[in-house]
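J.: Here is how the chains run, residue by residue.
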Amino acid sequence: AQKVTQAQTEISVVEKEDVTLDCVYETRDTTYYLFWYKQPPSGELVFLIRRNSFDEQNEISGRYSWNFQKSTSSFNFTITASQVVDSAVYFCALSGGDSNYQLIWGAGTKLIIKP
Amino acid sequence: EAQVTQNPRYLITVTGKKLTVTCSQNMNHEYMSWYRQDPGLGLRQIYYSMNVEVTDKGDVPEGYKVSRKEKRNFPLILESPSPNQTSLYFCASTVSRGPYEQYFGPGTRLTVT
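Sequence lines, in order, name chains A and B.
Position one of the first sequence corresponds to residue 1 (my numbering), numbered consecutively onward.
Position one of the second sequence corresponds to residue 1 (my numbering), numbered consecutively onward.
Just so you know, these hints were derived from the structure itself, not from any lab.
Straight-line distance between alpha carbons at most 30 Å, and here's what the computed DSS-like set of lysine-lysine pairs gives:
1. B:Lys65 - A:Lys38
2. A:Lys3 - B:Lys57
3. A:Lys3 - B:Lys65
4. A:Lys38 - A:Lys16
5. A:Lys3 - A:Lys70
6. B:Lys69 - B:Lys17
7. A:Lys16 - A:Lys110
8. B:Lys71 - A:Lys38
9. B:Lys18 - B:Lys65
10. A:Lys110 - A:Lys38
11. B:Lys18 - B:Lys69
12. A:Lys114 - A:Lys38
13. B:Lys71 - B:Lys17
14. B:Lys57 - B:Lys71
15. B:Lys57 - A:Lys38
Let the hints inform the model, and build the full structure from the sequences given.
T.: Encoded structure:
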C-alpha cells in the first residue's frame, strides 16, 4: 500500500526564517512520482513541483528548494527567507506507476509565517 | 484562460435533499476526478473518469455518483446527502491518466445539516 506522511501538522515561524516541511512516503512501486501542492488561505490548490523516482537531484526555484532522498523515502521542502505570503497549507503527494498513478495525499502541513 | 470551474462554491443543504455539484474544464483533458478534503486527512479521491462514459470509484465513493457524458463536464451527485458528507470538494483534471500535474477547481464547501 502507498502512504504519504506529513508529520508536522502546523509550523509557525517568523518572517525571514528558513523552514523545512517534511514528507515521508511508502511505496513498493519501482517507478513513482512525488508532488508538492500549495493551498493558500483562499483555498485553491496550486501545483509546485513533480519529481520522478529516478531523479534524485535536488531542485531549487527561487526561495523554494526540494530535497529528494530515496534512501530515507523523503521528499522535503524548504523555504528560505520565508515571507508572509508563504503562509498556506502544503501537501505532499505520491503517484505510483504500479498503482495506475492514483494520487495519494499526505494530510498537509499548515505553515504560518508571522510578520 | 485554462481553468476548471465548479459550482456552486458554497452550499448549505439538509439531509436527504439531492444535490449536484458541477465541474467543467476547458483544456480538453481526458482525466477528471473528484476529491474531498477533510481536516487531518488530506485529499481523498471519490470518483474518477478516464474519458467520456468511463468512470470508476476512488477511495471514498459511498454516497456519491458521477457521470461523464461530455469530455468537459464531470458532475458530482449526492442523491441523499448526510452530515458526514460535509466537506470541501475539489474537481480536478489532467491531460490523461498518469503522473501529470492536476488542475483543480476552486472548491465547493458543502454543509449538510
